[in-house]
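Visitor: Note that the protein sequences, when read in sequence, are chains Z and F.
Per this note's numbering: the first sequence ends with 311, consecutive numbering throughout.
Per this note's numbering: the second sequence ends with 674, consecutive numbering throughout.
Bear in mind the hints are in silico, worked out from the structure with no lab data behind them.
The structure displayed is predicted, hence computed values, not measured ones.
From the three backbone atoms N, C-alpha and C, an ideal C-beta is built for every residue, glycine too.
Heads up, none of these hints are tricks.
List time: in silico DSS-like cross-link candidates among lysine-lysine, alpha-carbon distance up to 30 Å:
#1 F/K440 / Z/K286
#2 Z/K184 / F/K424
#3 Z/K283 / F/K417
#4 Z/K238 / Z/K254
#5 F/K365 / Z/K184
#6 F/K321 / Z/K184
#7 F/K414 / Z/K283
#8 F/K415 / Z/K283
#9 F/K598 / F/K562
#10 F/K430 / Z/K286
#11 Z/K184 / F/K431
#12 Z/K283 / F/K418
#13 F/K431 / F/K414
#14 Z/K184 / F/K414
#15 Z/K101 / F/K321
#16 F/K365 / Z/K104
#17 F/K440 / Z/K184
#18 F/K418 / Z/K184
#19 F/K431 / F/K417
#20 F/K415 / Z/K286
#21 F/K562 / F/K531
#22 F/K414 / Z/K181
#23 Z/K286 / F/K418
#24 F/K365 / Z/K101
#25 F/K415 / Z/K184
#26 Z/K184 / F/K318
#27 F/K424 / Z/K286
#28 Z/K286 / F/K414
#29 Z/K104 / F/K321
#30 F/K415 / F/K430
#31 F/K604 / F/K568
#32 Z/K283 / F/K436
#33 Z/K283 / Z/K184
Here's a subset of chain Z near chain F, in silico, CB distances under 8 Å, partners left out:
#34 Y185
#35 D192
#36 L193
#37 V204
#38 L208
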Amino acid sequence: MRNNSFKSSRAQEYDFAVALPAVLWQILFLYVPLCFIIYISFIKAIDFFIFKNITLANYKALFNPIYFSIIIRSIFLAFFNALFCLFLGYPVAYFLALRAKRFKNMLLFLLILPFWTNFLVQAYAWFFILDYHGFLNKVLLKIGIISTPLHILNTPWAIYIVMLFCYLPFMVLPIYSSMTKINKYILEASSDLGATNWQTLGYVTLPLSLSGIRTGFFLVLIPSFGEFVIPALLGGGKIMYVGSMISYFFLETKNVFLGSAFTVLSGACLIAIALLIYLVFRKLSKPSGFTGATGPSIKTNNSAKLSQGNK
Amino acid sequence: MREIKLKNIKKIFNGEVILDNLNLTIPSGEFFALLGPSGSGKTTLLRLIAGFEKADSGHIYLGDKEITNLPINERRVNTVFQNYALFPHFNVFDNVAYSLKLKKVKKDIIEQKVINVLKKVHLEKYIYKDINQLSGGQQQRVALARAVINEPDVLLLDEPLAALDLKLREKMLVELIDLQEVLKTTFVYVTHDQFEALTVADRMAIMNYDGEIEQVGTPKEIYEFPRSAFVARFVGSTNIFKGILRIEPEKSYLDIKGLGSFEVVVPKDKAWAFDGAIVLMSMRPEKIEISKKKLEGFSNCLEGEVDSIVYHGRSTQYHVELKNGKIIHVFEQNEEHFPQEVIDYDEKVYMYWQKENVVLLEK
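Given these sequences and hints, build the entire structure.
Guide: Quick look at the structure:
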C-alpha cells in the first residue's frame, strides 16, 4: 500500500510536469488575452493598468437593437445548426455504431475525410454546388422538382446548409463513441423483453447515448455561434453574425473598445444559452426510469440514496 | 408451457459450420440443461431459440407454432444473459417492470407483480436501488426476475452463474431449482460446467466440439450409462480402456493388451458389440475398490503400483500405474469410523470392480 501511494504521488508530480507547458500555453494565449479584452471593454482610451478610466460607456453604446438582433441571429444559427446536426447525425452514428458491419471502417474514414482538406477549401467547394448554375440546381431541374433555378448562394439557406455539413462530423463522432460503449446484450435484452426496434431506441439506446449527444451538441453549438468564414463567404457578407460583427469592429472600424465590449457581451450570452441547454440535458439524463416512472419509485429511490449516504 | 422442437437446424458463421442438421426436443415444463465444451455451439443454439440469430436452414417450433422467423420481441421466450445485461440507467424496479410497461399494463398491477417476483428472488428490499449499487449475485437475481415477470413459455439461461464465486453459485443453483418448481416454466440452461448441469437438470443434452448432440437423458442416465467416450469423459471423470470383445455362451470378456481379460456385460441390440469387435470400456474412478489385500466377491481385479496420491479431505484420489504403463484414477471415500488400511506411494495394490459397474462404448 505504502509503496503504491508513494508511486502514485510521484506519478502525480510527473503528470503535472507533463501538463505544465500546455497549461502555461493556455494561460498565456487564452486567459491573459481574455482578461485584456474584458479590461479593454471597460475603458475608452489605451491606459493599460491604470484602472482610472473604468466606464460602461462601451456597453451603453452597444445598447442598440441592431447589436442584439445580431446576437440573437447567431444564437438562432448556433442552436438550429446543432439541432439539424443532431437530427441528421444521430441516424448516421446509430448506423455506424450498431448496424454497419463490413464497411464500418471505410464509412468512418469517409466521415472524417473532410478534416483532411482545408476548411476554406470545403467552403469554396460549396460554391460550385449551390451556385445558380451549380450542381444542386442542375440536379433538381433534371428531376423536375423545380422549373427555375433556386437562389441559394448569398442567402441564409446557403449558410445553414454548409454549416450543417461542415459541423456534422463533430456531432456524429461523440455520439458514435458513446454508442459503441453500449453493451450489445442490453439491446438484445430489450427486444427479448418485447420491445420493438423503435421502443429499444427510445428507452435504451437514446438514454444511453445522451452523453454523446450532449458532447456533440456543445461541440457544434459553441463554434457555430462565432462562425465567421461560412457566413462571410456563402452568405455574401450581407447578413451580420457575431463573428462578422467582431471582425468588423476590430478590422474595419479599428474600434477595439467597442469590439471588446461586443465580444464580452456575446460571450456572456453564449455562456447563458449553453448553461440553459446544459440544465435541459441534466434533466433528461436523470435516472428516473422511463415513460414517467411511477411517482413513488423516484421518491423512494432518492431516499434510498440518502440513507445510503448517511451510512 | 410448451415444448421446443428443433428440426434439422443448420447455422453457419463466417463460412464455418457451427450447427449441422441438429434435432432436439426440449420437453415442456422441465429444467433442461445443454452441456458442452466451449465452442460446441450450445450458446448459438440458445440464441436461435431466443431469435437473436437466424438459422440458415431448419425449423424451430414452440408447441405447435413455428417460430423460426418470428421476431425476437414476439416470442414468448425470455433470456437471462451471462453478463446480466441489465439496463444501467434504470433502477431495479424499472428493470424488472420493463416488459410490462412495454405492454402498457396498469401501474398498480405492474407494481404488484414486480413486488411479487422480487419476493421470489429475495430482492424485495432492493426494489428502488440503482443497478450499480447491487452485488453480482443480486444483479443476477434482478436479471432473473426481469426475465420471468412476463411469464414466458420458456426461460433461456446462458451460463447465468459463470461470473459468481463457488459458494454463491451453489446457493443460486438451489434457488434456480426452487424457482423452476414454483413457476413450472421450461428452463433451458446452457453451461460448460458438468457439476451445474448435473445439479439442476431434470434432463440434459451433451454437445460435442462439432456442434452435434451426443446424448440426451436424465443426469443419472448420462452419468451411469454414457453412450460415447466423449460423454463419459466430459461428464465426470473416467478411465477408458481399449480392448477386443470376446463373447462366449456363458460369459463375455474384454481382452486388453498387456493387462489380461476382464468380464463385462455386453449391451443388447448394439450393432458394434459383436464377438471380436474393438470396443472401449469406461470405468468411473469411484466404482473401483482399492486394497493391498486379496479380496473375494468381485468379478474383476487389476494390479498396479501407486504412482501418486491426492488427498481431497472427503475423498482421496489414487493414481495407479498398471503393468502396461497406463495410469488409472481411483477415488476412495475417507470414512474415519471405518479405519482404512494405509496405502502409500510405490506400494503394490489391487483394484476390484463388478462387471455391472463399467460401461462398454463404441470405439
